[in-house]
Amino acid sequence: MDLIWEGFQDAIQLLVHFDPTVLDAAARSLWISTLAVGLAALAGLPLGTLLARISFPARRFVVLVCRAGMAFPTVFIGIVCYALFSRRGPLGPFELLYTPWVIVFGEFLLALPMVVSISHGAVQALDPRAGETAWTLGATAFRRWRTYMSEARVGVTLAVLTAFSRCVTELGIAMMVGGNIKSRTRTLATATALETGKGEFGRGMAMSLILLAIALGVTLVIVYLSREERHE
Amino acid sequence: MTTVCGQFLMTRILCFVRQGKMIAINDLCVIKNGRTICSVPELAIAPGERVAIRGPNGSGKSTLLRVLCGLEADYQGSYAVNASLRDRVYVHQSPYLFRGTVLFNASYGLRARGVNRTECERLTRHWLERLGLYSLAGSRVTHLSGGERRRVALARAMILQPRLLLLDEPLAELDEEGAAAASAAIDELHGSTILISSPTILPPGLNSREYQLEPSSHQAS
Chain A
1028 MDLIWEGFQD AIQLLVHFDP TVLDAAARSL WISTLAVGLA ALAGLPLGTL LARISFPARR
1088 FVVLVCRAGM AFPTVFIGIV CYALFSRRGP LGPFELLYTP WVIVFGEFLL ALPMVVSISH
1148 GAVQALDPRA GETAWTLGAT AFRRWRTYMS EARVGVTLAV LTAFSRCVTE LGIAMMVGGN
1208 IKSRTRTLAT ATALETGKGE FGRGMAMSLI LLAIALGVTL VIVYLSREER HE
Chain B
6 MTTVCGQFLM TRILCFVRQG KMIAINDLCV IKNGRTICSV PELAIAPGER VAIRGPNGSG
66 KSTLLRVLCG LEADYQGSYA VNASLRDRVY VHQSPYLFRG TVLFNASYGL RARGVNRTEC
126 ERLTRHWLER LGLYSLAGSR VTHLSGGERR RVALARAMIL QPRLLLLDEP LAELDEEGAA
186 AASAAIDELH GSTILISSPT ILPPGLNSRE YQLEPSSHQA S
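Sequences listed follow chains A and B, in order. Using the working numbering, you'd call the opening residue of the first sequence number 1028 and step up by one each time. Using the working numbering, you'd call the opening residue of the second sequence number 6 and step up by one each time.
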């Protein structure tokens, strides 16, 4: 119990004094996850809408694959990225392994099925008259998509926030393809694992507290949005 | 043989449309789950006509309007409309309003058509005033009553002044004042052909003629 209490006190000290190593890892975690989820949203939201609105032979299979993709272990995605970007892999010549960009790619793969599946569910649950009304009023395909996003905005926001929450706290991808290199690829999750392993319990605790705060903040926004939707 | 007959009918209908008809229907039939839900043997409507589509519940009034505006693709027989899909506007029996304000909803179609902002504001103001909704322009649609929601949907469709306007029971839920405002607004659409479905007799002056749909509950052969 003393270990936890002392670790907690050390963590507060580090956070209050804006410890540069803690802030460096936090900033990197945030920009990598934001970029990965942003790209996943750009690709995933139109894809989720297409799957909900356009009928084609393999649609059910694609939806099933996306749903299965939500449960992919991060170490599995990590190993796939490693195979792609390692020296002998098909993307090896780009020499991106152990750079933040390959973590962005891995987290994009982690976030994409989540964004597609949740936004697909949200758009599919919309009243069919929403699409019909937009269509009969002369909306183009792009305007109809914007209308779907606006009508299902709570579901769409939930999709993006859930994906962000998963990406910012993931360890497997960042550890396997990032390599946990100081000032280059170290994220909050990898730094927490490293510092705790080194016996720097307070530092590890400080980083995990930031992760916890981010996850809690996102959860609170999700709860708030869900309540708002129930009230409407 | 069937294809030859179909082509012959289609050619006849297209000739009919070219002769100045807005709508020409020949043996139109919609079958769902083995049940005929709409059957129209023949109907021709001239441009600018206002036709009431009458019939009891389940006679296929909504289905007919949905086929004519292009929302229902699963039908037999043939029909032709002398207006592009963008020139046909359908208002649901129970209209759907988008999240946002009355103003946002009313101007949706104009923005979709790329109408410039000044013109958009002028037209929106005019039609909202016409339907007694101008004071509610900034209100969110979630705060509106059933009758107000219906009038917003009517304004949103009428503002476009389409060549073919298909109104599915537009006066339902409207009080006397609302029905009068809606009727007056419909009266203002001189260039539009208007089809109004209704299970009851419409107020005098709203339609120039009636087309009676028979209940079509028999099993399709």
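Source of the hints: derived by calculation from the structure; they are not laboratory data. Among these hints, one or two may not hold up.
[Claimed, not checked] Sample of chain B residues facing chain A (criterion: CB under 8 Å; computed from the structure):
1) Phe103
2) Ala117
3) Arg118
4) Val120
5) Arg122
6) Cys125
[Stated by the list, open to error] Here are some, though not all, of the chain A residues that point toward chain B, as calculated from beta-carbon distances under 8 Å:
7) Ser1082
8) Gly1165
9) Ser1177
Just so you know, even glycine gets a beta-carbon here, dropped at the ideal spot from N, CA and C.
Results for each hint:
Hint on B/Phe103 holds. Least Cβ distance to chain A is approximately 6 Å, under the 8 Å limit. Because the closest C-beta pair between B/Ala117 and chain A is about 4 Å apart, less than 8 Å, the hint holds. Checking B/Arg118 against chain A: minimum C-beta separation of about 6 Å stays under 8 Å; hint holds. A least Cβ separation of about 11 Å between B/Val120 and chain A goes past the 8 Å threshold, and the interface hint is therefore violated.
For B/Arg122, the suggested interface contact is broken, since its CB lies about 16 Å from the closest CB of chain A, more than 8 Å. At a threshold of 8 Å, the smallest CB-CB gap from B/Cys125 to chain A is about 13 Å, leaving the interface hint violated. Taking 8 Å as the C-beta contact cut-off toward chain B, the hint placing A/Ser1082 at the interface is violated, the least distance being around 12 Å. Of the supplied interface hints, the one on A/Gly1165 holds, with its beta-carbon coming within about 5 Å of a beta-carbon of chain B, less than 8 Å.
Because the beta carbon of A/Ser1177 sits about 6 Å from the nearest beta carbon in chain B, less than 8 Å, this interface hint is met.
Figure legend: structure checked against the earlier numbered hints; hints not met, in rising order: 4, 5, 6 and 7.
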